[in-house]
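Colleague: Residue-level listing of the chains:
There are 2 protein chains.
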Amino acid sequence: MKVRRSERLVAITHYLEQRPYQLVPLTFFAQKYNSAKSSISEDITIIKRAFLNSHLGVVETLPGAGGGVLFTPGIDHQTAESYLFDLKALLADPKRILPGGYLYLSDMLGNPATLKKIGQLIATQYAGQKIDAIMTMATKGIPIAHSVAYYLNVPFVIVRRESKVTEGPTLSVNYASDSSNYVEKMELSKRSLSLGSRVLAVDDFMKGGGTVSGMQNLVQEFEGQLIGVTVLVEAKSPNDDLTKKMTTSLLNVQDLTTSSQVINVSMGNYLQRTDFARFETKD
Amino acid sequence: MKVRRSERLVAITHYLEQRPYQLVPLTFFAQKYNSAKSSISEDITIIKRAFLNSHLGVVETLPGAGGGVLFTPGIDHQTAESYLFDLKALLADPKRILPGGYLYLSDMLGNPATLKKIGQLIATQYAGQKIDAIMTMATKGIPIAHSVAYYLNVPFVIVRRESKVTEGPTLSVNYASDSSNYVEKMELSKRSLSLGSRVLAVDDFMKGGGTVSGMQNLVQEFEGQLIGVTVLVEAKSPNDDLTKKMTTSLLNVQDLTTSSQVINVSMGNYLQRTDFARFETKD
Numbered sequence: 001m002k003v004r005r006s007e008r009l010v011a012i013t014h015y016l017e018q019r020p021y022q023l024v025p026l027t028f029f030a031q032k033y034n035s036a037k038s039s040i041s042e043d044i045t046i047i048k049r050a051f052l053n054s055h056l057g058v059v060e061t062l063p064g065a066g067g068g069v070l071f072t073p074g075i076d077h078q079t080a081e082s083y084l085f086d087l088k089a090l091l092a093d094p095k096r097i098l099p100g101g102y103l104y105l106s107d108m109l110g111n112p113a114t115l116k117k118i119g120q121l122i123a124t125q126y127a128g129q130k131i132d133a134i135m136t137m138a139t140k141g142i143p144i145a146h147s148v149a150y151y152l153n154v155p156f157v158i159v160r161r162e163s164k165v166t167e168g169p170t171l172s173v174n175y176a177s178d179s180s181n182y183v184e185k186m187e188l189s190k191r192s193l194s195l196g197s198r199v200l201a202v203d204d205f206m207k208g209g210g211t212v213s214g215m216q217n218l219v220q221e222f223e224g225q226l227i228g229v230t231v232l233v234e235a236k237s238p239n240d241d242l243t244k245k246m247t248t249s250l251l252n253v254q255d256l257t258t259s260s261q262v263i264n265v266s267m268g269n270y271l272q273r274t275d276f277a278r279f280e281t282k283d
Numbered sequence: 001m002k003v004r005r006s007e008r009l010v011a012i013t014h015y016l017e018q019r020p021y022q023l024v025p026l027t028f029f030a031q032k033y034n035s036a037k038s039s040i041s042e043d044i045t046i047i048k049r050a051f052l053n054s055h056l057g058v059v060e061t062l063p064g065a066g067g068g069v070l071f072t073p074g075i076d077h078q079t080a081e082s083y084l085f086d087l088k089a090l091l092a093d094p095k096r097i098l099p100g101g102y103l104y105l106s107d108m109l110g111n112p113a114t115l116k117k118i119g120q121l122i123a124t125q126y127a128g129q130k131i132d133a134i135m136t137m138a139t140k141g142i143p144i145a146h147s148v149a150y151y152l153n154v155p156f157v158i159v160r161r162e163s164k165v166t167e168g169p170t171l172s173v174n175y176a177s178d179s180s181n182y183v184e185k186m187e188l189s190k191r192s193l194s195l196g197s198r199v200l201a202v203d204d205f206m207k208g209g210g211t212v213s214g215m216q217n218l219v220q221e222f223e224g225q226l227i228g229v230t231v232l233v234e235a236k237s238p239n240d241d242l243t244k245k246m247t248t249s250l251l252n253v254q255d256l257t258t259s260s261q262v263i264n265v266s267m268g269n270y271l272q273r274t275d276f277a278r279f280e281t282k283d
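First to last, the sequence lines map onto chains A and B. At position 226 of the first sequence (counting the first as 1) the number is 226 in UniProt numbering, and the numbers step up by one without a gap. At position 159 of the second sequence (counting the first as 1) the number is 159 in UniProt numbering, and the numbers step up by one without a gap.
Some clues are possibly wrong.
Because identical chains cannot be distinguished in the list, a pair is counted as satisfied if it fits within a single copy or across any two copies.
[Unchecked claim] Calculated cross-link-like contacts (lysine to aspartate or glutamate; reagent style EDC-like; alpha-carbon spacing at most 20 Å):
id	residue 1	residue 2
1	Lys244	Asp255
2	Lys190	Asp107
3	Lys32	Asp76
4	Lys164	Asp107
5	Lys116	Asp86
6	Lys236	Asp93
7	Lys190	Asp93
8	Lys88	Asp255
9	Lys116	Glu17
10	Lys48	Asp76
11	Lys190	Asp132
12	Lys164	Glu184
13	Lys185	Glu162
14	Lys32	Glu280
15	Lys130	Asp275
16	Lys48	Glu60
17	Lys37	Glu60
Read the hints as simulated data drawn from the structure, not as lab findings. Keep in mind it's a predicted model, so treat the numbers as computed, not measured.
So that you can see chain A by itself, here it is in the shape it has in the complex (with noise of 0.2 Å):
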């Protein structure tokens, strides 16, 4: 049966939002929907300029045999901005102060649409760069690490503080604790990460960077690279310069202590690390 071009219009959107870096071949859709190849041309035509009208990303077409549809998930600088503002709002709560200079964050790291936002934040810095697997630390960061690996369509693997009997063998390093002042270790299931990976790690919250030199040195281990840090919140700069140039947070805060009524939170240096010429609408 013949599709109509405003079904399929529906239809093909739902196709590529659903398989963001995966390139479809325009036969795929034109048999699907028993449809001339031309057609399908216009309906991507369409879907382009409708997915850069809504900040949702850009939408490619590649020619030659091996040649398709690609589409890459990114915001545009003032939609990042609001989200940011969003997330700001959200953090600047005084009752999430705890005792120690943390904060209580598991209930944005619980909420799907927020995860949403980190998601697409995270994953439009790291927009067509090669990334194999994002790393992240048990608990808190592996929503995180969950919602950018949705949008770069790259497999996410948990670093934990102890393997589990579930994880087979592990390869562990130690590191300098943010939350303790003693050495821990931290360890990754030999078969959850392929030698020579390239690495995004992201996290819930950072204090000093002990947690991502260890990651920076397990992934060495398996001979990989870390290619980027991202993290929500950033509470004390990292003391190590390599992993301050190499570190980007969404949000700041200051001055921590159990005793604040008010939580100072500034942006971080995400707008100025992520590049969105190519998301922003052009009229």
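Using the hints provided, position chain B relative to the given structure of chain A.
Modeller: Coordinates of chain B only, in the frame set by chain A:
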């Protein structure tokens, strides 16, 4: 600027898909796209049919002053069956068998495409039910909870074996661990779940149901109600009849021992327990 129908269809499809279970007034779209309400109404009619034909779920128009458009994600029986077969094929790899009768699942639970299937399956089972929160046990249940929470548009909460400095005050219960013969403790941050919540529990692996009994007690401590439990893999039926009655499994594995050369994977009781009627295409 007035937006053309073709572009509106793309934009509204995206808007609704990103907002499951959220009532959107037609006037919102009319203003957003500077179009007559009658045109938007026609758009929605096209989108309804296309969503159902593409097995995305149901789009409904609720009449009246407080009305609008509502998207309920859900898949039909055939799609559900094909997703289960995909998961079954992934699971059947004998290399997954770990010492002690455990299964390596981290690759599946770190793959966004696999997690989407799991999320859509479970969200279809509970479509339209009043659920206030998804609950899971750290660590491997988290991506499943996140995916289900996304499709049902509710928050998820994470139960831990030991509380962290970043959780604030907790409530805890003891439970008979599935993975050891000991009585263990599970804790949940007090502020993460409102009193009286209706809770859906999800997890990756069930072996006897001790964890589920624990979650049941924990939900009672929050004066809430556990309305269902769905797990990806059931390795051993719950010992307790009540737990057994309320537990749904996507897949089952039998006779899991370290010496096994094959994994006996079969379908769980998911298909029997799920009503797909409203998500079936009507031609």
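Colleague: Among all the numbered hints in the text so far, which are the ones the structure does not match?
Modeller: No numbers; nothing is violated.
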